[in-house]
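J.: Chain by chain, the residues:
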Amino acid sequence: ILNVEQSPQSLHVQEGDSTNFTCSFPSSNFYALHWYRWETAKSPEALFVMTLNGDEKKKGRISATLNTKEGYSYLYIKGSQPEDSATYLCAFPNAGGTSYGKLTFGQGTILTVHP
Amino acid sequence: NAGVTQTPKFRILKIGQSMTLQCAQDMNHNYMYWYRQDPGMGLKLIYYSVGAGITDKGEVPNGYNVSRSTTEDFPLRLELAAPSQTSVYFCASWSSTDTQYFGPGTRLTVL
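In order, the protein sequences belong to chains A and B. Take 1 as the starting number for the first sequence in our numbering and just add one per residue. Take 116 as the starting number for the second sequence in our numbering and just add one per residue.
Calculated directly from the structure, the hints in this document are not laboratory data. A few of these clues could be false.
What the hints assert, rightly or not - What follows is a list of derived Cβ distance ranges for each label pair:
{"#": "1", "chain 1": "B", "residue 1": "T120", "chain 2": "A", "residue 2": "T51", "range": "40 to 46 Å"}
{"#": "2", "chain 1": "B", "residue 1": "K172", "chain 2": "A", "residue 2": "S28", "range": "22 to 28 Å"}
{"#": "3", "chain 1": "B", "residue 1": "K172", "chain 2": "A", "residue 2": "P26", "range": "20 to 26 Å"}
{"#": "4", "chain 1": "A", "residue 1": "E70", "chain 2": "B", "residue 2": "F125", "range": "42 to 48 Å"}
{"#": "5", "chain 1": "A", "residue 1": "G16", "chain 2": "B", "residue 2": "K172", "range": "43 to 49 Å"}
{"#": "6", "chain 1": "B", "residue 1": "D188", "chain 2": "A", "residue 2": "D17", "range": "42 to 48 Å"}
{"#": "7", "chain 1": "B", "residue 1": "G178", "chain 2": "A", "residue 2": "G16", "range": "27 to 33 Å"}
{"#": "8", "chain 1": "B", "residue 1": "A117", "chain 2": "A", "residue 2": "K69", "range": "24 to 30 Å"}
{"#": "9", "chain 1": "A", "residue 1": "Y74", "chain 2": "B", "residue 2": "K172", "range": "41 to 47 Å"}
All C-beta atoms in this analysis are idealised placements derived from N, C-alpha and C, irrespective of residue type, glycine included.
Isolated chain B, as found in the complex (with noise of 0.2 Å):
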């Protein structure tokens, strides 16, 4: 089992770009999440899903969209790019009776 797997590992984008950051998981989790860590602050909760075509909202999905047509798969979409979007973002999943795992991050800086 590969686990969760991010790519890229590292963006740099210019600001109004757009990009999409990849995740998968083969460990057939039904919930998976998108998180951003910012500076000196925990994890916020952007968008997550709790299974193939079901999205919802966390607490920072402002600038963000995702989508979620199969099990393995949850991409983050960003339309246009701003320099508060700059963060380390992790996307995670989750079997309800297990712990979270969390893929290995995208650094991503928007100039």
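Only chain A is shown next, with the shape it has when bound in the complex (with noise of 0.2 Å):
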């Protein structure tokens, strides 16, 4: 069973604070990361596939970074607005062997924007 880890579990911030959380996942045979943004009562929508050491992607406000070799990515939003409210949801998936296409989800950091 891999273990995908996100930290923190919710945070609460106000308008205009940038702010960032964490994703940890196993750095051996690593295929390639997730980040969702799931809004209440809606279905999980994709913001990034991350695959290379390195890598950084942007989307508007918000960022993402990737560590292979030691496990983790770090998602950022750049002066939060009420709207960016909802959960940030990584995703690890499985490289190989029978569980091939499996995708473990972490728990996701639940993020408030206080106008």
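Relying on the hints, combine the two individually framed chains into one complex.
T.: Here it is as structure tokens:
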């Protein structure tokens, strides 16, 4: 069973604050790391797929970095807005063996941005 | 492309009833998944499939069955509904070179 951990579990920030949270994953047999944004009462929406060590991806005010050697990825939100309030999930696909194709999700970081 | 579609959106079942949650995707993805989301919890994998005719159990398969007769469809069957199966169910598909695409979810209540 793969262990994918996210921290913190929840985060409250004020509008305009920048924030970041972490996803930790097994550093061996790395294939890719996914980030998703999940708003209440909706389905998870893909943010990034990260595949290379040192990768940095950006989408508007949201960016992510990847360190495959030490097994972590950071998600950053610059100038948080109330509409950024959501659960942010990372997922780690099994790289091989009989479990190939199975993604292990972290528990998520619940972000609340207060106006 | 419709992406991943799920039906129904909502359903209330009585204990012991059975039903099938439908999931279809039109992106020709080999991999399909069923997850459940319980309050305060993340996504738990119920079953997944790596291609037509191939299915495998996830973390919480008890009380469910699946089949994958075509690439497009991946129905989830509940045989004897129990209150513990009250949840929101998400179907997803994946091509292995992209992200997972999720359906809109089915909210199921078992009374």
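J.: Hints first: check each against the structure and report whether it holds.
T.: Hints and how they fare:
1. T120(B) to T51(A): 40 to 46 Å: violated, 28 Å
2. K172(B) to S28(A): 22 to 28 Å: holds, 24 Å
3. K172(B) to P26(A): 20 to 26 Å: The hinted range 20 to 26 Å holds for K172(B) and P26(A), with Cβ atoms some 21 Å apart.
4. E70(A) to F125(B): 42 to 48 Å: holds, 44 Å
5. G16(A) to K172(B): 43 to 49 Å: With Cβ atoms ~46 Å apart, the hint holds.
6. D188(B) to D17(A): 42 to 48 Å: At 45 Å between Cβs, range holds.
7. G178(B) to G16(A): 27 to 33 Å: violated, 46 Å
8. A117(B) to K69(A): 24 to 30 Å: Once the Cβ atoms are compared, 40 Å apart, the range 24 to 30 Å for K69(A) and A117(B) is violated.
9. Y74(A) to K172(B): 41 to 47 Å: 33 Å Cβ-Cβ, so the 41 to 47 Å window is violated.
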